[in-house]
Each structure stands twice: as structure tokens, then as C-alpha cells.
Amino acid sequence: MAGRTVAGGRTGAVVTLVVGLLVVVLAVVLTRGSGGASSPSVRATSSASVPSSTTPSGGATDPASGLRWVAESSLDGPTRRTLALIRAGGPFPYPRNDGVVYHNANHVLPREADGYYHEYTVPTPGSSTRGPRRVVTGSQGQLYLTLDHYDTFTRIRPSG
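According to full-length UniProt numbering, the sequence shown holds residues 1 to 160 in order.
Mixed in with the good hints, there may be bad ones.
What follows is a list of derived Cβ distance ranges for each label pair [stated by the list, open to error]:
| # | residue 1 | residue 2 | range |
| --- | --- | --- | --- |
| 1 | Pro63 | Pro91 | 29 to 37 Å |
| 2 | Ser128 | Asp148 | 13 to 21 Å |
| 3 | Thr61 | Pro95 | 31 to 39 Å |
| 4 | Thr61 | Thr129 | 26 to 34 Å |
| 5 | Ala84 | Ser139 | 16 to 24 Å |
| 6 | Gly141 | Phe92 | 17 to 25 Å |
| 7 | Ala64 | His103 | 13 to 21 Å |
| 8 | Pro63 | Arg96 | 33 to 41 Å |
| 9 | Pro63 | Pro125 | 27 to 35 Å |
| 10 | Phe92 | Ser139 | 16 to 24 Å |
| 11 | His149 | Gly77 | 15 to 23 Å |
| 12 | His149 | Arg81 | 18 to 26 Å |
Note that these hints are calculated values from the structure, not bench results. Only a predicted model underlies this, so the values are computations on that prediction, with no experimental measurement involved. We put the CB at the ideal spot given by N, CA and C, even for glycine.
Based on the provided sequences and hints, a complete structural model is requested.
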């Protein structure tokens, strides 16, 4: 019977530990937001780490947002096609997700009223899902690019 008590005590401690870890994970998830399309989870950082094909010329920084500029002409084909669709008003490849409000919950972009920003999917070559790439637009025509699902952004300098 003594062996049974020890085993039961050990099992109880393991169960308590597992439940405790689940509570901590749940708390972290809830404080970061749902991570869905209408309420993306973001971390406050100032600029994206972008592939060489999208590196901005001169590394200039946008004074309004503090983000690095990237020239639209230096962006890859899928990103330029997404920008063309935005300017044309669609049709978008993910109509249930494209054009939805981006809430800027962690204020990575300049603070504006909710509804000011909208997000659009940039298809990721080889991905069977929407992937992590998005263009976020501001109501005054600002264009932002994230390649890592809202962790970091660059400001797009339009061509022309």
C-alpha cells in the first residue's frame, strides 16, 4: 500500500504540473490575442528583415512610422500583384480574409483609430495556405509589408 501511495502521489504531482503548464500557456495565448485574421498577434518591432530582393535602397526610414522604406519596384512579383489588386479593388484570392480590418493591437504601426488599417494576403510561393505575408494599408494611402505575419513591417514607397 505504501508503494501505491508513492505512485499516486507522483501521479498527482505530474497531473498538477501539467495542469499548471496548461494554465500558463493559456494565459500567454489569451494575452497575445487570438492571432486570427481580424485580430492578429503582433510583437512591437520597428522593421522587417526582408530578403535581398526587397531590401530598400539607401535604408531610409519613414519619419511617421519609424519603419524602413522598401521601394515598390524592388518587391517580388506576388507582392506587386497584391498591390495592383488593392489599387483595382480586387478581386482578391482570399475574399473572406482580404480587406478585413487590421487592428494594430500592439501598435507596431502608427496609432490610429480602429478600422484605419486593412490587410491583404500576399501569396507565398509553394505554400498551400495563405502564408505569413501581408500588405497592410492605411486610410490615407499608406502601404506596409510584413513577411512574418505581423512580427515586423517595412513601409512601401510606391513607384511612380
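Now the hints, each set against the structure:
| no. | hint | in the structure |
| --- | --- | --- |
| 1 | Pro63 x Pro91: 29 to 37 Å | holds (35 Å) |
| 2 | Ser128 x Asp148: 13 to 21 Å | holds (18 Å) |
| 3 | Thr61 x Pro95: 31 to 39 Å | holds (34 Å) |
| 4 | Thr61 x Thr129: 26 to 34 Å | holds (32 Å) |
| 5 | Ala84 x Ser139: 16 to 24 Å | holds (20 Å) |
| 6 | Gly141 x Phe92: 17 to 25 Å | holds (18 Å) |
| 7 | Ala64 x His103: 13 to 21 Å | holds (19 Å) |
| 8 | Pro63 x Arg96: 33 to 41 Å | holds (36 Å) |
| 9 | Pro63 x Pro125: 27 to 35 Å | holds (33 Å) |
| 10 | Phe92 x Ser139: 16 to 24 Å | holds (18 Å) |
| 11 | His149 x Gly77: 15 to 23 Å | holds (20 Å) |
| 12 | His149 x Arg81: 18 to 26 Å | holds (19 Å) |
Every hint, counting from the list given before, is met by this structure.
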